[in-house]
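S.K.: Those protein sequence lines, which keep their order, are chains L and Y.
Using the numbering used here, you'd call the opening residue of the first sequence number 1 and step up by one each time.
Using the numbering used here, you'd call the opening residue of the second sequence number 1 and step up by one each time.
Check the hints yourself; a few may be wrong.
Stated by the list, open to error - Where chain Y lies over chain L, by a calculated footprint (3+ residues, C-beta under 8 Å):
#1 42-52
#2 60-72
#3 107-113
Unchecked claim - Using 30 Å as the maximum straight-line C-alpha spacing, the simulated DSS-like pairs for lysine-lysine come out as follows:
#4 Y/LYS1 with L/LYS41
#5 Y/LYS68 with L/LYS42
#6 Y/LYS111 with L/LYS42
#7 L/LYS104 with Y/LYS111
#8 L/LYS55 with L/LYS66
#9 L/LYS20 with L/LYS64
#10 L/LYS55 with Y/LYS1
#11 L/LYS42 with Y/LYS42
#12 Y/LYS42 with L/LYS55
Unchecked claim - Quick list of the computed label-pair ranges, beta carbon to beta carbon:
#13 L/LEU26 with Y/ALA79: 32 to 38 Å
#14 L/ALA72 with Y/SER95: 20 to 26 Å
#15 L/THR17 with Y/ASP67: 47 to 53 Å
Hints listed in this document are in silico derivations from the structure and should not be mistaken for laboratory results.
We treat Cβ as the ideally placed atom computed from N, Cα and C, and that holds for glycine.
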Amino acid sequence: GAVVSQHPSRVICKSGTSVKIECRSLDFQATTMFWYRQFPKKSLMLMATSNEGSKATYEQGVEKDKFLINHASLTLSTLTVTSAHPEDSSFYICSAVSGVTNEKLFFGSGTQLSVL
Amino acid sequence: KQEVTQIPAALSVPEGENLVLNCSFTDSAIYNLQWFRQDPGKGLTSLLLIQSSQREQTSGRLNASLDKSSGRSTLYIAASQPGDSATYLCAVDSSNTGKLIFGQGTTLQVKP
Numbered sequence: 001g002a003v004v005s006q007h008p009s010r011v012i013c014k015s016g017t018s019v020k021i022e023c024r025s026l027d028f029q030a031t032t033m034f035w036y037r038q039f040p041k042k043s044l045m046l047m048a049t050s051n052e053g054s055k056a057t058y059e060q061g062v063e064k065d066k067f068l069i070n071h072a073s074l075t076l077s078t079l080t081v082t083s084a085h086p087e088d089s090s091f092y093i094c095s096a097v098s099g100v101t102n103e104k105l106f107f108g109s110g111t112q113l114s115v116l
Numbered sequence: 001k002q003e004v005t006q007i008p009a010a011l012s013v014p015e016g017e018n019l020v021l022n023c024s025f026t027d028s029a030i031y032n033l034q035w036f037r038q039d040p041g042k043g044l045t046s047l048l049l050i051q052s053s054q055r056e057q058t059s060g061r062l063n064a065s066l067d068k069s070s071g072r073s074t075l076y077i078a079a080s081q082p083g084d085s086a087t088y089l090c091a092v093d094s095s096n097t098g099k100l101i102f103g104q105g106t107t108l109q110v111k112p
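Work out the full structure, taking the sequences as your base and the hints as a guide.
M.R.: Written out as structure tokens, the structure is:
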């Protein structure tokens with residue numbers, strides 16, 4: 001079955017640094033990927049929609065300059081948390097859409113970010 | 001704006017019991033509804049996907065129903081096992097793009 005690889009699975013960084021999270025579709029092309037954020041014991045909140053070859057579409061309240069999304073190829077989208085602060089600590093997870101129908105939706109395994 | 005609510009937030013049952021998890025959504029104009037399982041610190045595992053034209057889907061001990069007009073879905077787990085302990089999330093796709101709106105989840109504990 002289709003697999004989405006998300007890396008790293010866990011990262012600890014100091015305040016002020018930038019962290020890049022990768023989301024790869026391993027055996028299919030994903031024209032659209034989504035990035036979600038999950039606080040402890042809370043639900044997943046959509047951050048942005050990443051479209052290959054174009055700018056990402058951000059949800060209301062999500063800072064574009066804070067969370068940089070790049071979808072440079074049909075198999076890779078990256079989320080960069082810039083100048084990270086402790087309040088950015090969260091679980092980030094991506095999903096990718098395969099093919100024409102959105103039935104084929106696959107999630108990455110998530111990245112736990114801890115900012116000290 | 002679509003909102004998804006799950007009740008209860010947490011549930012603890014003895015092994016072997018049948019149980020029902022509830023999900024409701026405010027806007028009935030959805031394309032599909034999906035149930036996921038999430039283990040602590042892990043990603044999502046898709047359990048069942050119900051298209052808007054369908055009433056239910058079954059997989060093994062799991063059965064999900066959808067009443068689109070009333071904005072409700074249920075996930076029925078038969079003969080629960082300790083390995084079923086996890087957080088169960090329901091999510092709706094209102095745009096037919098794969099963009100999902102999630103409920104808060106129900107954390108299930110099945111005691112041996």
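S.K.: If a hint holds in the structure, say so; if it does not, say that too.
M.R.: Verification of the supplied hints:
Requiring three or more residues with a Cβ within less than 8 Å of a Cβ of chain Y, the coverage given for the segment 42-52 of chain L holds, as 6 such residues are present. Here the segment 60-72 of chain L counts 0 residues with a CB under 8 Å from a CB of chain Y, which misses the bar of 3, and the coverage is violated. Only residues whose C-beta sits within less than 8 Å of a C-beta in chain Y count toward coverage, and the segment 107-113 of chain L has 5 of them, enough to reach three; the restraint holds. For a cut-off of 30 Å, the pair hint linking Y/LYS1 to L/LYS41 stands: about 23 Å separates their Cα positions.
Distance check on the hinted pair: Y/LYS68 and L/LYS42 sit about 25 Å apart at the alpha-carbon level, within 30 Å; holds. For the suggested pair Y/LYS111 and L/LYS42, the alpha carbons sit about 23 Å apart, so the restraint of at most 30 Å is met. For the hint linking L/LYS104 to Y/LYS111, the alpha-carbon distance of about 34 Å lies beyond 30 Å, and the restraint is violated. Our distance criterion of 30 Å between C-alpha atoms is met by L/LYS55 and L/LYS66, whose separation comes to about 15 Å.
Proposed proximity of L/LYS20 and L/LYS64 is supported: the alpha carbons are some 15 Å apart, at most 30 Å. For the hint linking L/LYS55 to Y/LYS1, the alpha-carbon distance of about 24 Å falls within 30 Å, and the restraint holds. For the hint pairing L/LYS42 with Y/LYS42, the CA-to-CA distance comes to about 14 Å; that is within 30 Å, so the pair holds. Distance check on the hinted pair: Y/LYS42 and L/LYS55 sit about 28 Å apart at the alpha-carbon level, within 30 Å; holds.
Checked against the hint of 32 to 38 Å, the pair L/LEU26 and Y/ALA79 passes, with Cβ atoms roughly 35 Å apart. A C-beta distance of roughly 24 Å is found between L/ALA72 and Y/SER95, which places it inside the suggested range of 20 to 26 Å. Separation of L/THR17 from Y/ASP67 is about 48 Å and conforms to the stated range, judged on CB atoms against 47 to 53 Å.
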